[in-house]
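Okay, here's what each chain looks like letter by letter:
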Amino acid sequence: MPLSDAVADLVRDGDEVALEGNSALIPFAAAHEVIRLRPRDLTLVRMSPDLVYDQLVGAGCARKLVFSWAANPVLGVTGSLHRLQDALVNAWPAPLEIEEHSHAGMTARYVAGASGLPFGMLRGYAGTDLPQYTASVATVRCPFTGEELDAVSALNPDVAIVHAQRADKSGNVQFRGAGGMQREAVLAARRSLVTVEEIVDELSPVPDATVLPSFAVTAVAHAPGGAAPSAADGFYDRDDEAYRAWDEISRDRTRFGLWLEGIRVEGTDTV
Amino acid sequence: MPLSDAVADLVRDGDEVALEGNSALIPFAAAHEVIRLRPRDLTLVRMSPDLVYDQLVGAGCARKLVFSWAANPVLGVTGSLHRLQDALVNAWPAPLEIEEHSHAGMTARYVAGASGLPFGMLRGYAGTDLPQYTASVATVRCPFTGEELDAVSALNPDVAIVHAQRADKSGNVQFRGAGGMQREAVLAARRSLVTVEEIVDELSPVPDATVLPSFAVTAVAHAPGGAAPSAADGFYDRDDEAYRAWDEISRDRTRFGLWLEGIRVEGTDTV
Amino acid sequence: MTTLDRPTTDAGSWTSDEMLAVAAARTVRAGQACFAGAGLPARAAELARRLHAPDLLLVHDDGRLGELGAVSLPELFGYWIQSGRVDVGLLSAAQIDVFGNLNTTVLGDYAEPDLRLPGSGSAPEIAASCREVVVVMRHRLPAFVERVDFVTSVGFGAGPLDRAMLGLRGGGPRQVITDLGVLEPDPDSAELRLTAVHPGVRVEQVRAETGWPLEVSEDLVVTDAPTPHELAALRSVMTGSGS
Amino acid sequence: MTTLDRPTTDAGSWTSDEMLAVAAARTVRAGQACFAGAGLPARAAELARRLHAPDLLLVHDDGRLGELGAVSLPELFGYWIQSGRVDVGLLSAAQIDVFGNLNTTVLGDYAEPDLRLPGSGSAPEIAASCREVVVVMRHRLPAFVERVDFVTSVGFGAGPLDRAMLGLRGGGPRQVITDLGVLEPDPDSAELRLTAVHPGVRVEQVRAETGWPLEVSEDLVVTDAPTPHELAALRSVMTGSGS
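Chains as they are written, first to last, in our numbering: chain V, 391 to 661; chain E, 391 to 661; chain A, 317 to 559; chain B, 317 to 559.
Careful, some of the hints might be misleading.
Claimed, not checked - Heads up, incomplete: computed chain E residues facing chain B, CB under 7 Å, no partners named:
#1 I425
#2 L427
#3 H472
#4 A504
#5 S505
#6 G506
#7 Y523
#8 P603
None of these hints come from the bench; they were simulated from the model.
Ideal Cβ placement from N, Cα and C applies to all residues, glycine included.
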């Protein structure tokens with residue numbers, strides 16, 4: 391299925407959309423299709439928003455951001471996603487609501503969502519200021535010990551979009567490399583799209599690879615290079631220069647606007 | 391470390407001991423060392439007790455059994471572990487208390503134990519008769535939806551004993567093949583022993599393999615063939631004949647007694 | 317366990333266990349994800365795979381998802397079974413009751429058992445969460461009881477509303493395939509009633525092997541006899557698997 | 317982020333950032349399992365690995381356990397971090413307060429921030445569950461505040477009993493290593509006090525960069541200057557990692 395058709399089929403105004411994939415395998419090509427689709431009022435879910443959500447937020451697609459760590463991973467930690475910053479501090483191009491968690495909390499939320507449970511639990515929120523600002527955090531008491539633990543509500547996005555190395559012709563998907571909640575995001579979501587580097591006749595087992603059977607995926611689209619400028623283990627490394635270059639583009643509303651026009655009008659996928 | 395020393399160091403009277411490993415990688419060699427050690431009043435924990443706990447229960451080591459499915463997997467489903475049956479129905483050689491769960495419940499208990507949580511939760515016990523006989527089952531209410539879920543208390547055995555394909559010289563362990571809660575049992579336990587087919591200079595990545603770093607394991611012992619007559623993927627298949635032969639040995643107290651003397655006195659590991 | 321198949325009363329060249337396996341295999345549809353318990357259920361699933369459902373994805377309780385590789389047990393039970401992603405669970409039991417509840421735990425009193433059975437295994441979670449359950453077992457009076465000695469796996473509890481009240485999200489038993497016929501839950505009462513008999517089997521014979529007053533559907537049908545193709549496939553399964 | 321290291325007031329041939337990295341690396345012991353946040357913490361951990369802890373097992377937040385392979389994120393956060401199996405967590409922050417609480421979330425008001433920071437990442441669970449935490453950050457007045465604007469990761473809350481009351485099972489901050497010296501919690505009050513200054517640093521200088529009345533230990537020591545060996549290793553790390 392062509393990527394643009396798949397995105398148009400799956401993403402609707404107001405949807406909760408999760409583009410997952412840790413610091414590698416980020417579905418940039420699909421994200422740019424979302425930008426072209428111009429949906430409104432999306433709730434964007436992602437542990438590490440990264441450049442990809444800086445772009446979607448800057449493009450005005452989002453009403454809300456659900457996340458656990460937002461920065462440009464190549465540049466370091468503070469204020470490095472300028473479109474997010476602009477939306478949060480100046481409500482430009484639109485106000486952005488946030489719902490934030492820790493990585494462990496987001497992980498527990500995806501696991502709960504993928505497992506048909508309404509919540510997950512963990513240790514780590516007690517004593518922090520996060521619960522007072524985040525409605526999806528509560529506590530639960532152990533029925534055996536009486537101990538109080540942190541509870542987080544399940545994530546069940548309307549759509550999950552992820553990128554993988556390959557799929558076979560039946561649509562079974564193989565992911566490779568450490569990290570990421572790609573599978574959980576797909577399994578937790580109502581609809582899902584996996585973009586892949588290549589489509590092969592048959593998947594062969596490789597170390598550190600995980601598989602998602604076709605019946606758990608709504609659509610697969612062939613998108614070589616679809617995770618660039620992030621890395622796709624076995625295909626390409628992260629393009630650190632592109633990450634640095636984004637800082638200049640993103641820092642300035644006008645320059646960002648030109649970039650956005652390039653994506654929208656010309657369909658050129660720079661960065 | 392010699393296997394007999396490792397077992398003697400780790401297993402004490404009254405301990406809760408988990409010998410894990412699904413239907414393959416069952417640590418039979420270590421179990422026979424436990425029989426030679428003659429500990430008393432063990433609580434034996436294992437999802438599928440299999441022949442290995444038929445032997446330990448028949449040998450009079452156990453006070454209690456914690457499990458989810460007890461049968462001889464080669465012979466089929468009913469009454470095929472005669473020593474367990476004799477202990478449960480006739481209290482021979484000693485009464486045997488039981489605490490039973492489903493596979494999903496035992497899995498959730500190990501995961502909770504390995505994760506530093508006092509309980510796990512799942513769906514599947516509601517409406518069954520199991521909770522009224524099993525104290526480690528309760529319910530918990532979702533703080534977001536109000537829904538009631540099944541809760542099971544964490545498993546944190548005193549000792550976990552498991553078998554793996556290989557370890558490197560630093561004691562990092564590599565397991566291969568589907569299934570089993572080996573890693574979780576080790577991570578949940580206070581002390582642990584891993585017996586391995588071989589010790590290599592360096593572990594190389596292979597598909598479907600999982601690794602346990604040395605710092606998470608108390609002791610590693612070289613025990614080639616240590617999972618026989620169960621299978622060790624890449625080394626040997628299950629010896630179905632031995633499983634069938636066990637039925638005859640186990641069916642009769644006298645024949646079992648002779649087998650036990652063989653294990654204890656002569657140190658011969660038949661079956 | 318040695319299987320002594322009785323020849324059917326019909327003059328056909330198949331046994332009642334073969335009819336059972338074929339009828340059970342027919343309930344499985346192509347493209348489904350299927351969990352099959354050991355023994356009769358596994359045989360039926362394998363037969364379906366060889367007949368009309370070559371793309372059946374068999375979910376094993378060691379974590380294997382068909383031929384695609386394996387997931388860890390926490391993922392298996394969480395992401396694949398509890399999530400409701402398995403289409404059909406094929407289960408057997410030592411006892412089944414009028415509401416399709418299954419017992420694989422104990423015969424007699426729990427504390428002082430007449431016979432200790434293997435226990436739960438994965439059956440309770442399969443029964444709770446699969447989209448539907450097909451029970452596959454031989455039809456004998458000691459096994460078809462009004463009330464099971466122990467509810468290991470929930471069918472319809474004690475009535476049509478119980479699954480929803482218990483928060484069970486799977487559909488529960490759709491059919492019980494036996495060597496005599498097929499039972500299905502009555503939509504109003506959730507009680508199992510006879511909806512098909514196998515060729516050569518009389519309703520009275522089924523009633524005689526059922527420990528509750530068995531209702532018979534107005535639309536009772538006779539199962540199609542196994543085709544030569546089905547029998548050939550089944551016999552290759554049984555040779556191959558050694559059951 | 318460009319790092320502008322100030323030369324130290326000492327005439328030595330090392331910068332204050334180099335002293336910081338060396339002092340932080342010294343806190344890591346051989347054979348430990350260590351989680352290190354991005355930036356200064358990661359640099360210190362890598363330096364320790366090259367100096368005295370070649371067998372340091374670095375736990376990464378993408379699930380890699382050293383060179384041994386990777387676990388899934390649910391396993392990482394459950395089995396490895398939350399379980400308390402990580403010996404030491406090296407963390408940095410935009411703000412730290414007198415009780416060692418860390419802020420990486422927001423400067424100013426949460427709803428109307430002056431500056432939005434990256435957020436929690438894995439820091440809260442590291443701070444909650446690692447056996448001990450070492451904080452690694454530059455010592456500047458805006459960062460060393462009496463009370464952080466937002467508690468992202470708990471140090472000692474508001475006093476010595478808070479961690480136990482909150483159910484946090486890790487030991488909390490053992491040391492705060494800065495480019496000026498070392499702070500450690502007072503066992504009675506859990507307040508951070510100065511226990512070491514780096515060579516050439518005066519206590520008044522540290523006080524001037526600390527936003528609370530900084531207590532000084534009676535046993536205040538001067539940190540050993542970086543050895544040529546340590547400096548050579550550090551410089552190879554910084555070239556290698558590009559920081």
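Against the structure, the hints come out as follows:
1. I425: 31 Å, violated
2. L427: 28 Å, violated
3. H472: It is violated, given that the least Cβ distance between H472 of chain E and chain B is near 37 Å, above 7 Å.
4. A504: 5 Å, holds
5. S505: With a minimum Cβ separation of about 4 Å from chain B (threshold 7 Å), the hint on S505 of chain E holds.
6. G506: 4 Å, holds
7. Y523: Y523 of chain E check fails; min Cβ-Cβ to chain B is 29 Å, beyond 7 Å.
8. P603: Hint holds; P603 of chain E Cβ to chain B Cβ min 6 Å, cut 7 Å.
Comparing the model with each earlier hint shows violations of hints 1, 2, 3, 7; every other hint is respected.
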